[in-house]
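Peer 1: The residues making up each chain are set out below.
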Amino acid sequence: MSAQLPILVILWPLVAAPLCTLLHNRQVAWMFSAVATWASLLTAIGLYIQTSAGGELVYELGGWPPPWGISVNIDSLNALVLLLITGMASVLIFAFPASLTIQWLGNRARLYYTAYLLCLASLIGITITGDAFNVFVFLEISSLSTYALVAMGRDRRAQVAAFRYLIMGTVGATFILISVGLLYMVTGTLNMADLAERIPALHDNRVVRAAFGFFIIGAGVKVAMFPMHFWLPGAYSYAPSIASAFLAATATKVAVYIMLRFVFGVFGADLFFDVLALDQVFLLFATVGIVVGSLAALYKDDIKAVLAYSSVAQLAYMVLGIAVGSVSGLTAAVVHIFNHGLIKAALFIVLAGIFVRFQCTRLSELAGLGKYAPWTVGAFGVGAMSLIGIPGTAGFISKWYLLLSVLEHHWWFMALVIIGSSLLALAYMWRVIDALWLREPTQLVQERGREAPLNMLIPAWTLAAANFFFGIDTTVTLGAASRAVASLLGVSS
Amino acid sequence: MISLLNYWFVFALMLLGLYVTISASNLVKKVVGLNIFQTSVFVFFISMGKVADGTAPILDSAYNAYSNPLPHVLILTAIVVSVATTALALALIVRIREAYGSVEESFIHDADNDTAP
Chain A
1 MSAQLPILVI
11 LWPLVAAPLC
21 TLLHNRQVAW
31 MFSAVATWAS
41 LLTAIGLYIQ
51 TSAGGELVYE
61 LGGWPPPWGI
71 SVNIDSLNAL
81 VLLLITGMAS
91 VLIFAFPASL
101 TIQWLGNRAR
111 LYYTAYLLCL
121 ASLIGITITG
131 DAFNVFVFLE
141 ISSLSTYALV
151 AMGRDRRAQV
161 AAFRYLIMGT
171 VGATFILISV
181 GLLYMVTGTL
191 NMADLAERIP
201 ALHDNRVVRA
211 AFGFFIIGAG
221 VKVAMFPMHF
231 WLPGAYSYAP
241 SIASAFLAAT
251 ATKVAVYIML
261 RFVFGVFGAD
271 LFFDVLALDQ
281 VFLLFATVGI
291 VVGSLAALYK
301 DDIKAVLAYS
311 SVAQLAYMVL
321 GIAVGSVSGL
331 TAAVVHIFNH
341 GLIKAALFIV
351 LAGIFVRFQC
361 TRLSELAGLG
371 KYAPWTVGAF
381 GVGAMSLIGI
391 PGTAGFISKW
401 YLLLSVLEHH
411 WWFMALVIIG
421 SSLLALAYMW
431 RVIDALWLRE
441 PTQLVQERGR
451 EAPLNMLIPA
461 WTLAAANFFF
471 GIDTTVTLGA
481 ASRAVASLLG
491 VSS
Chain B
494 MISLLNYWFV
504 FALMLLGLYV
514 TISASNLVKK
524 VVGLNIFQTS
534 VFVFFISMGK
544 VADGTAPILD
554 SAYNAYSNPL
564 PHVLILTAIV
574 VSVATTALAL
584 ALIVRIREAY
594 GSVEESFIHD
604 ADNDTAP
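Line by line, the protein sequences give chains A and B. Under my numbering, the first sequence has 52 at position 52, and the numbering climbs by one with no breaks. Each number in my numbering corresponds to the 1-based position in the second sequence with 493 added.
A hint or two may mislead.
Stated by the list, open to error - Simulated DEER-style distance windows between Cβ atoms:
(1) A:C360 with B:K543: 56 to 64 Å
(2) A:A201 with B:Y500: 22 to 30 Å
(3) B:V536 with A:G213: 19 to 27 Å
(4) B:V576 with A:Q50: 35 to 43 Å
Simulated from the structure, these hints should not be mistaken for lab results. None of the values given here were measured: they were computed from a predicted structure. Where is the CB? At the ideal position from N, CA and C, for every residue including glycine.
Kindly produce the complete structure, drawing on both the sequences and the hints.
Peer 2: Dropping the structure here:
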């Protein structure tokens, strides 16, 4: 049984998704999705334990050895990403039944759960596969289900946001397809381990360089790296809150993972840093992304839009970690993948709870909510602390490592950018906290102000507690991250 | 240069498709552009698998040169993905049209700005 774990982790949600369409009762559909999600989480924990000693699990699908067959490869890096995706999904699934979209859909809610399960399965698929073409296929499955999830927002702008995301996402994914095709032309293989062996000898080959360029742009769209980020604020702001929570915690993180995997595990760090000097470009994009995202977040009235623009800035931190490229920089990027997932899941789920009560998430209408719903606003406050990077929270750990990594290179300017953007984060989160907690309650709040539903509040506080836990005990995150980076860079940890 | 002719066509189609996707204001035209762009990639993969004088990869004593079937198989998957994307895009356009009464991006943009607080 334990030898089958690498494939089981994706099979649970993948098999559950089509079956879920048959369950007309929305409670049954929810139970079914929850069981599949939790089974996936338990499998991911098993995989994390199996890889915690280092090394890589290779599972040959159908018993066909690679490069002929498709393999599933799991090492410390994707074990950690798996833990994040399935863990966040397992907590958030409890909040689904209370979300307005599910209630409004009635017995069609099963289709929403199906889209969610497909999205989860394909995100897991991207993470575990060892085949370059599979990455494209799973990326498209995850994108298609994401468009459907986003389009279910109540506001009509959700549909426009989903459409814009569809156009950008498809162009991005097709770029990755072109990249895979070019690589196959030169190397004659699609297996990622095989590619990694053959590409270094071809670093002067123009086709490989073109493939790399296409890949970076395609993945950059999915990561929402600065100039390709335009889809993200709309998609996260207008999607149903619960979908925003799920996507913000998982989808972009998987995209960062795939970028890490391809840059360091397939194309090779030499091509990125020495041959093409793309790290300079990434540094520029990251800097502008951090500043632009943080500044835009400062002026938004809708709290979801504040968090969405903050995501642009936070994803730029991960891009910065990749650009630094040293052991500490990559460790910071990997840890931030995990920690930022925790932070955004906690913040968005609180908003989902607020949305259930007020049908809006605009700051101007929600002022003074803290007096009526201290627990709800409190959970948001904890998430905000972690986002800013206050010591003792998960957000502090990743920012601290990022700061150390740029100081290693004596990049004082980048250190200033990181500190400055933390202050900006303090400013835009304080604006929200100040309005929610300290201002006089608005009429809407006075009339309808009460705590979020309990089945949203408990997941929210679970995630808030996790933010403290992973801010103090870093053995899981840092341990896996340093093992992962060691194997990516080929150095001993 | 005749052997590279396919790739020049792919290149032209690719740019054409991307240009239409980006520049068209009509959402349906955007989807058409996207389809042209994706199709160019399909042609690219199919050209890549073709071996000069090769036949379909079915074992037969009369032939000894076969085209590479792998890119062709890959592209079948990509075509399915493309069909699904187009279907979803058109479904979204139908709903956008119901909500806004238009499929022109400029119109939708203005309508949203008018209702925004």
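Peer 1: Take the hints in turn and mark each one as holding or not.
Peer 2: Status of each hint after checking the structure:
| no. | hint | verdict |
| --- | --- | --- |
| 1 | A:C360 with B:K543: 56 to 64 Å | 57 Å, holds |
| 2 | A:A201 with B:Y500: 22 to 30 Å | 24 Å, holds |
| 3 | B:V536 with A:G213: 19 to 27 Å | 20 Å, holds |
| 4 | B:V576 with A:Q50: 35 to 43 Å | 39 Å, holds |
Violated hints are absent here; each numbered hint is respected by the structure.
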